[in-house]
Amino acid sequence: MRYVSVFILGLVFWLLITFRFTVPNIIVGAAASLLCAAIFAGYSMTGTLQMLNPVRWFWFLVYLVTFIFSCIKANLDVAYRVLHPRMPIKPGIVKIKTSLKSDFAKTLLANSITMTPGTLTVDVKNEYLYIHWIYIRSEDPEETARIIIGPFEKYIKKFAE
Amino acid sequence: MAAIVLISVGVLFNIFGCIGLLRLPDVYNRLQAATKCVTLGCCSILLGVFIHFGLTDAGIKGLIAIPLLFFSATVAAHALVRGTYHFGVKMTEKSVKDEYKSDVI
Chain A
3 MRYVSVFILG LVFWLLITFR FTVPNIIVGA AASLLCAAIF AGYSMTGTLQ MLNPVRWFWF
63 LVYLVTFIFS CIKANLDVAY RVLHPRMPIK PGIVKIKTSL KSDFAKTLLA NSITMTPGTL
123 TVDVKNEYLY IHWIYIRSED PEETARIIIG PFEKYIKKFA E
Chain B
56 MAAIVLISVG VLFNIFGCIG LLRLPDVYNR LQAATKCVTL GCCSILLGVF IHFGLTDAGI
116 KGLIAIPLLF FSATVAAHAL VRGTYHFGVK MTEKSVKDEY KSDVI
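Line order of the protein sequences matches chains A and B.
First residue of the first sequence: 3, per the numbering used here; consecutive thereafter.
First residue of the second sequence: 56, per the numbering used here; consecutive thereafter.
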């Protein structure tokens with residue numbers, strides 16, 4: 003199953019990026035996607051069938067909207083800190099615990115954290131995330147976790163677990 | 056018109072990212088500016104390109120470059136910052152906390 007999904011993904015990507023729907027082009031694309039599927043499908047994510055569930059797609063859209071908003075907020079935040087004459091920064095690395103289990107969900111969470119205001123994922127070890135924070139607002143671990151991963155964790159859990 | 060606005064906003068955010076790269080004190084803070092501002096700036100420019108060209112060859116290519124850029128930029132930032140830490144680059148004196156040091160092998 004995952005071989006088929008990687009093959010289809012590869013072929014669609016090839017057709018979109020070359021944008022010529024002739025027979026030779028499709029054959030070359032199919033050969034390349036077959037090679038990619040044979041080599042890389044073993045490393046790809048598990049549970050591709052459950053992603054066909056429409057409820058998961060709904061939560062994915064909710065997550066996407068939250069993500070884009072926080073991404074724009076992140077940019078304004080960084081622009082403010084950079085352009086302010088005194089540069090209000092108070093950086094440090096904090097450690098937070100996540101309840102997500104699968105690798106795919108953790109990767110998504112780490113990527114989301116990197117794109118949100120003032121935080122950058124340094125490392126992921128088992129269930130702990132190490133995060134570089136440009137302005138530490140709280141000393142309490144639970145408060146920290148609520149500020150940083152609160153908006154994303156619940157949505158990611160709904161569609162990627 | 057919308058395309059021009061989006062491309063201008065993208066260029067503006069790229070400039071902020073570059074200013075941040077020059078002004079912030081250490082490599083970790085600089086990477087924050089470099090990833091966030093530059094990624095959203097480039098995405099904004101690509102979206103502007105898509106609106107300008109519409110559903111043609113170049114427009115579709117601009118659109119599918121956005122998710123690629125998102126994933127590669129975040130993963131690259133993570134790899135860079137982790138590699139830098141393990142190489143032993145110190146954080147700036149303004150830093151107040153480091154919970155990674157005690158846990159890293």
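Honestly, the hints are just simulated from the structure, not real lab data.
The model shown is predicted, which means the values in this text are computed figures rather than measured ones.
Heads up, the beta-carbon is just placed ideally off N, CA and C, and yes, glycines get one too.
Keep in mind that the hints are not guaranteed to be accurate.
[Claimed, not checked] Sample of chain B residues facing chain A (criterion: CB under 7 Å; computed from the structure): (1) Ile70; (2) Pro122; (3) Phe142.
[To be verified] Keeping only pairs whose Cα atoms sit at most 30 Å apart, straight-line, the calculated DSS-like set for lysine-lysine is: (4) B:Lys156 x A:Lys99; (5) B:Lys145 x A:Lys156; (6) B:Lys116 x A:Lys108; (7) B:Lys116 x A:Lys75.
So, going through the hints one by one against the coordinates:
| no. | hint | result |
| --- | --- | --- |
| 1 | Ile70 | 9 Å, violated |
| 2 | Pro122 | 10 Å, violated |
| 3 | Phe142 | 13 Å, violated |
| 4 | B:Lys156 x A:Lys99 | 17 Å, holds |
| 5 | B:Lys145 x A:Lys156 | 34 Å, violated |
| 6 | B:Lys116 x A:Lys108 | 29 Å, holds |
| 7 | B:Lys116 x A:Lys75 | 27 Å, holds |
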